[in-house]
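Residue numbers (the numbering used here), protein chains in the order written: chain A, 1 to 551; chain B, 1001 to 1228.
Take these hints with a grain of salt, some might be off.
Said to hold, decoys possible - Derived DSBU-like pairs: lysine-lysine, alpha-carbon spacing no greater than 30 Å straight-line:
(1) K1146/B <-> K1110/B
(2) K1168/B <-> K1108/B
(3) K1040/B <-> K1168/B
(4) K244/A <-> K264/A
(5) K512/A <-> K1224/B
(6) K1108/B <-> K385/A
(7) K151/A <-> K63/A
(8) K1146/B <-> K1108/B
(9) K512/A <-> K1085/B
(10) K385/A <-> K450/A
(11) K1005/B <-> K385/A
As the list claims (entries may be wrong) - In silico contact screen, one side only, chain B against chain A (beta carbon under 7 Å); selected entries:
(12) D1014
(13) L1015
(14) A1016
(15) A1018
(16) R1026
(17) T1088
(18) V1092
(19) P1106
(20) A1151
(21) V1216
(22) V1221
Claimed, not checked - Pairwise CB distance ranges (calculated):
(23) Q279/A <-> K1040/B: 30 to 38 Å
(24) V297/A <-> K1040/B: 26 to 34 Å
(25) E383/A <-> R1046/B: 47 to 55 Å
To be clear, the hints were calculated from the coordinates, so they are not data collected in a lab.
Yeah, the Cβ is synthetic: ideal placement off N, Cα and C, and Gly gets one too.
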Amino acid sequence: MTAATLSAWWQRVATTLGRPLRWWRRSVSLRVVATTMVFSVLVVGLIGVLLLQRINSGLLDAKTRSSIVEATAGVTEAQRLLDAADTGPNTPAVGTLVDSVIGVLAQRAGSPGLFDLVLLASPPKRGDTPERTTNASESSVPAELRAAVQKDQRQSWTYTEIRYADGTTAPGLAVGAPITVPGTGPYELYYLFPLTQEQATLDLVQRTVLFVGLLLVLMLAGIAYVVTRQVVSPVRLAARTAEKFSAGQLTERMRVRGEDDLAKLATSFNGMASNLQTQITRLEQLSRVQQRFVSDVSHELRTPLTTVRMAADLLYESREEFDPATARSAELLQNQLDRFESLLADLLEISRFDAGAAVLDADPVDLRVLVERAVEAAAPLAERKGTLVRVITPDTLCLVEADARRVDRVLRNLVVNAIEHGEGRPVDVTVAAAEGAVAVCVRDHGVGLKPGESSLVFNRFWRADPARARTTGGTGLGLSIALEDVRLHGGWLQAWGAPGDGANFRLTLPEKAYGPMTHSPLPLEPEDAGPRVQSTTTQPYRAPRRDGVSR
Amino acid sequence: MSDAKGRVLVVDDDLALAEMLGIVLRAEGFEPLFCSDGAKALTAFRESKPDLVLLDLMLPGRDGIDVCRSIRAESGVPIVMLTAKTDTVDIVLGLESGADDYVVKPFKPKELVARVRTRLRSTAPVGQENLTIGDLAIDVAGHSVKRDGVAISLTPLEFDLLAALARKPWQVFTREILLQEVWGYRHAADTRLVNVHVQRLRSKIEHDPELPQIVVTVRGVGYKAGPS
């Protein structure tokens, strides 16, 4: 057998066995019933064997005893007859003598043939030694028995198979004893007692024991099944209830019946469910309160801010009419209000994520369009910094199911960051799609990131260089929000960077929100990265699925 | 700028903001009217008959959404809502209750004025123009839509939206283009505006809003006029 056919054969065996095996592993009642059957077969078998042995020996012992008594009596009678017939010269011919003895003994057997007789002459061979049998053939007497009788010269017995003249056979008992026939010498007289009756009784008993045993095993299996069902059904019910509960049906409970262990299980289960429900409800309540609070704070802060904003705008518009100090104040007020506003907006956005209140509003969008839009929006900044932004997109549609507002925000953030940290060197924005995922890489060639910094960039209020903090804009929350936005899609946002070799930020989104995604269509470490620079990358992160994803 | 550009009813409980809005609106040539209580907003609206309503969504007395609904029930006057909430549900709820557009606090005066202007501009007639879309006849100058001679009442915004689609029945309008043409946004804005108003429009003009025949969705792109 070649390896291939062997493995194919094993495959077939495995599939054939697979289903019952699985059933075996998964069903407690099957295992209990099977175990019960195995053990009850063993026990019933053992009992049956013992029982049969007892009955067998009992039956045979009785028969043997009565047979030996009969044979002894018969032999004594025969010897007596023979001795009486020994009248010297008037002794009848051996043949006649033997016939008469057999006849007398046979009469004792009665008509149904309680036994048969075999009269054999003992060796050595002599002249006139007539031998007689009644109905059985002389081959019914086993040679060992004859040897024993001849050797010991006393009564001996053994089991044998009686062969009748008509060719039938029957199990039987052979009892032999030496007798002396006057005029010729030693003979052996064998009694053959058929055991047909006993055999029939034994057969019946055997059949009965087998039948009863089988019945017993089946009934035990049935009982085991019923008993396990009593235990397993509530357990299965508990499993089903737990499944429903974990699927969100928090009001699901088990029915408590009686006061037994299973009722205790149901009671404990229900207690656990109630506790969980209370906890979950409390947490939900807490989350709602938090959301509510954020929403209220938002409103309460925004209304006065709007008034301030409008007033500041009005002052800013007419700053030329003011003296220089007041005019500059109006400018500062305006600028810092912008900063304050974006900070407030970012804080509210972050707290919305923290409260789990962020909802994905996903629609199919072409990522290329969003990239173009983000680059376009950053064009004034790029111009100011003298940065060339190169966009490399494929000709094919890069459709993803995404929340355009959020992805747009992420892309703008990445592009603006790249321009701000790119030190005037070109920024490359690459889009690619493959295998259920679409990726955008934003690569700058600025100062880059130090080892270990690529995971820090997503931290709230983290800045690469504290000294630069005040010169560059931004709230310090942009990348944190971007990461949360991407997580909400079930996507990845990763950073790569090397000192002096710039940084690369890669956004990977699954085609379908929360769709499977094994790897990104673009490498995180750019191909133009220096060969010996130490690079730092972050591990891909898959957010646990959140509820409340709306399509 | 010509004078008497329009009367704007400002419904806001925050007096400072209302006053500031008044200053800005007056500077732009509008005539501001004020109401600080949601419960009195409808009465104020009936008495003053403004050309546009600036409505704060969070009001004491009566919820802004509620006020919006009542005004919309009796008039097609443009409503621009002021909201501090940026959650989708809140904004969509506001739009569904009848607001034509919204401004999120904090906003810049220019932003607000631009929104107000666009909503007041749309009524300018451009001479006789008759369009058909589906089994509807549109008289642009007369600002009326009729099916088999029976007039269908649309708000000015819904009318503009329908007219925009009817003018170029061969073109598929992306939500961005509609935002530009109907709402006057020059930069990409919130496409939910389009979605909600298309729904509202459909509920008025379609035989079966579930299976629209007149304003047809082009999946992944936008909307277009259905075949006549």
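So, going through the hints one by one against the coordinates:
no.	hint	verdict
1	K1146/B <-> K1110/B	37 Å, violated
2	K1168/B <-> K1108/B	34 Å, violated
3	K1040/B <-> K1168/B	43 Å, violated
4	K244/A <-> K264/A	20 Å, holds
5	K512/A <-> K1224/B	26 Å, holds
6	K1108/B <-> K385/A	26 Å, holds
7	K151/A <-> K63/A	25 Å, holds
8	K1146/B <-> K1108/B	40 Å, violated
9	K512/A <-> K1085/B	28 Å, holds
10	K385/A <-> K450/A	23 Å, holds
11	K1005/B <-> K385/A	42 Å, violated
12	D1014	5 Å, holds
13	L1015	10 Å, violated
14	A1016	5 Å, holds
15	A1018	9 Å, violated
16	R1026	11 Å, violated
17	T1088	6 Å, holds
18	V1092	10 Å, violated
19	P1106	4 Å, holds
20	A1151	35 Å, violated
21	V1216	17 Å, violated
22	V1221	10 Å, violated
23	Q279/A <-> K1040/B: 30 to 38 Å	46 Å, violated
24	V297/A <-> K1040/B: 26 to 34 Å	28 Å, holds
25	E383/A <-> R1046/B: 47 to 55 Å	52 Å, holds
Consistency with the previously given hints fails for numbers 1, 2, 3, 8, 11, 13, 15, 16, 18, 20, 21, 22, 23, ordered from lowest to highest.
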